[in-house]
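Protein chains in written order, with the numbering used here: chain A, 8 to 612; chain B, 1403 to 1514.
One thing to keep in mind: the hints can contain errors.
[Stated by the list, open to error] Which residues of chain A face chain B? A few of them, derived with a C-beta cut under 8 Å, are: (1) Y40; (2) Y72; (3) I76.
[As the list claims (entries may be wrong)] Residues from chain B that keep clear of chain A, each with C-beta distances beyond 12 Å, as calculated: (4) G1411; (5) S1422; (6) I1431; (7) L1432; (8) G1440; (9) R1456; (10) W1467; (11) S1470; (12) A1484; (13) L1489; (14) A1494; (15) D1498; (16) L1507; (17) A1511.
Just so you know, the hints here were simulated from the structure itself, not pulled from any lab data.
None of these values were measured; they are calculated from a predicted model.
Positions of the beta carbon are idealized from the N, C-alpha and C atoms, including for glycine.
For reference, the chains in residue letters:
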Amino acid sequence: MSLLAPIRKLWHSIAPRTHSDVEEEFRSTLDAYQEDLIRQGLPEEEARRKARIDLGQPATQNETYRDAIGLRVFDELGGDIRSGLRALRRNPGFAAVAVLSLAVGIGATTAMFSLIYAVLLHPFPYADADRIMNAHFVKTQQPDVFQWFTLSEAQLDDLRLAAPVDSVLGFTTNGHLEITNDGLPDDISGVYLTKNAETFLGVRPLFGRMIEPFDAGHPVVVLNYRFWQRYFGGDPHAIGRTLEMDHAPYTIVGVMPRSFAFNDVDGVGDVYLPASLMDAVANGPAPTYLPWIKLRPHVTVATANAALDPILRDIMKIHTEASLAWHLRLQPIIVPYQQDLGRTLALLLAGVVLLLIIGCANCSILLLARGRTRRHELAIRTAIGASRWRIVRQLLVEALVISCTGAVLGVAASYWLARLPLVLSRDSFPAESVIRINAPILAFSVALALLCGILFGLAPALRLSRNDPARSLPGRQAGVVAAPARRRWSVLIAAQVALTLLLMATAGTAIRGFLRLTQMPLGYDPANVMQLGISLHVNNPAEWSSLQSREARAPRISSRSGRRSHPSPVFPQSLSAPMPRRPVLMFRPRSSSTEVAMASSRRLV
Amino acid sequence: MKPVELPQGTLEMLILKAVSLGPLHGYGILLRIQQISGERLEILQGSFYTAIYRLERRGWIRGEWGESENNRRARFYSLTAAGTRQLKTETAKWTDMAAVVAGILRKKAGEI
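Bound conformation, chain A alone (with noise of 0.2 Å):
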């Protein structure tokens, strides 16, 4: 009821009387002309017809007040849509073909579209999430050679001060925790945030809080959403419970939404601590973060970076002469996807509009074809006075009649076809980003339609209102196609033609950089090589020596190598923070078969 009140009023702004209203008042005017009629001795049938041939009918007074408050348009535009919904009806394997391609094209584009928009435009959930900054040196000479650094809590304070910076957040590269609650241990990543974090990234908590500054030294700790799911199962009550790591208990005061996956320079973390938790862990020099730097509004990376590069040095002490050779880069957090999916998603984009623009070809080819037996109609029409413009309004609006029920599917099917690049490759995406389809990619796909309609229905509508009645009217049996029809329809054909295989090559190159990839050298034959991730908490050098000399005797391994970090592809992390590690044992088994590994992976622990 109240939310149909604004669109009843808006409806009553439009066309404040009814139906009934209207054509009542004229009745009354009608019947009163008469009975004037029959005073002034006119017979009573001769009266009525008097009546209404000086008045008009009763039946077709709507229309006249419609036209009258300038509705006429909507009501012929409606009446349109109704005959090209009845025509999509009466053809339905017409309907089925044309709808359907469309329905490919524009559910492949809106797929591709809200994918841009999760990955490339939107992906992130943090607060200002443009103005936020990696920080790295980088080879003045070889640019693609780059450097993390990492701050002490004294030097992110000294940081915080710089003028063109608005706050700045230190968090470590995720560390591995073990859960020594009951039951299994299970390993977990744990990131340690500054006492800032609340309001450096701005994600409210689905539960509970984030981490505030009074936690300091007080040992709380933060779900991930996705570890929440795994551990808690979705318990709503998991705050205020203890979870015990590394011997050590820790009290739950929130959990983070879906959307918040911080951070992905290391691997999403499972939990978030309170940095100030540190010095209790690192028993070693003063804990050091990773900077993530918030410049102030309309400052621009160019000017930040000149400005900090010196600030920095003076931070850190670093002006030595081997330094010099490097100088300091931010960069938008959003850049290292862009750089890796942007080609990938320019060329499936690519893909996808020439398979709406091949899908738009189909259905004008359609039109025609089917313009042909729609020719005496149409002659009928314009026999009885509809202008050429009146007939070509009425067959765009059957285009789009077509291109908005395909618009309808595309867009349904989309909302699956978006996730499909996530799920296959999900390491690709900014862990963040969350497909949905919400208002921008809807507002995109209606556009799509509308163009779309008009694209493949004003060269058919255009053709097809061309039309002599003269010519066409006595002869329906007329089964020629007039040779200028046939010239469009060979150019319609040709185009398709070619466009299918430009998607072809399209689709070509990009599996054959897909496939490049996956045959990409990685220095050394990943055949019976397996791996084995082990939590050593404690970083106890008897317990590592010990695990060493045990796996040495253990059989059926031909050889072995130990390190003490897992393998992180992306970033080499030569300064990162010095964390417990959880070491991994690379060993390639005597035999190829994976139950033999499994079998020695068994006993060595």
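Using the hints provided, position chain B relative to the given structure of chain A.
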């Protein structure tokens, strides 16, 4: 006397005038215009109601259902404030135009 044909757009002005003398239903407006003109206007055409609807849409007249003299339900129109203003300007414009046109037509060869 021969009936007079109305120039384009004057019907609306006449309706405003008819209604300004007191609320009238549609047929009453017709009768009154004919009566005032001394039965010399022929306006029983489809355009009559189009004019009424347009005037109501513009907010110059307002229609309300009521009871007619012979106990029939009828829609009575009355002039709104905007309609009163409109009638005034239209009347002034018409008088002006008529005077100018008549003045020109009256001129004889020697007077120019």
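Right, here's what the structure says about each hint:
For Y40 (chain A), the interface hint holds, the least distance from its beta-carbon to any beta-carbon of chain B being 6 Å, beneath 8 Å. Satisfaction of the interface hint for Y72 (chain A) is found here, the shortest Cβ-Cβ separation to chain B being roughly 5 Å, below the 8 Å cut-off. A hinted interface residue such as I76 (chain A) counts as satisfied when its beta carbon comes closer than 8 Å to some beta carbon of chain B; here the least separation is about 4 Å, so the hint holds. Consistency note on G1411 (chain B): stated as away from chain A, and its beta-carbon is indeed over 12 Å from all of that chain's, at 14 Å minimum.
No Cβ of chain A comes within 12 Å of the Cβ of S1422 (chain B); the nearest lies about 20 Å off, and the non-interface call holds. With a minimum CB-CB distance of about 9 Å to chain A, I1431 (chain B) fails to clear the 12 Å threshold, and the non-interface call is violated. Distance to chain A contradicts L1432 (chain B) as a non-interface residue, since its nearest Cβ pair spans about 8 Å, not more than 12 Å. The claim that G1440 (chain B) lies off the interface holds: its Cβ sits roughly 18 Å from the closest Cβ of chain A, which is beyond the 12 Å cut-off.
For R1456 (chain B), the requirement that its beta carbon stay farther than 12 Å from each beta carbon of chain A is not met, with the minimum near 5 Å. Not every Cβ of chain A is farther than 12 Å from the Cβ of W1467 (chain B); the closest lies at roughly 8 Å, contradicting the non-interface assignment. Annotated as non-interface, S1470 (chain B) brings its C-beta within 12 Å of a C-beta of chain A; the closest such distance is 7 Å. The claim that A1484 (chain B) lies off the interface holds: its Cβ sits roughly 16 Å from the closest Cβ of chain A, which is beyond the 12 Å cut-off.
Here L1489 (chain B) stays apart from chain A, with its beta-carbon at least about 19 Å from theirs, past the 12 Å limit. Consistency note on A1494 (chain B): stated as away from chain A, and its beta-carbon is indeed over 12 Å from all of that chain's, at 26 Å minimum. Residue-level check passed: D1498 (chain B) sits 28 Å from the nearest beta carbon of chain A, beyond 12 Å. Every CB of chain A is more than 12 Å from the CB of L1507 (chain B) (nearest about 33 Å), matching its label as outside the interface.
Listed as a non-interface residue, A1511 (chain B) keeps its Cβ farther than 12 Å from every Cβ of chain A; the least gap is roughly 45 Å.
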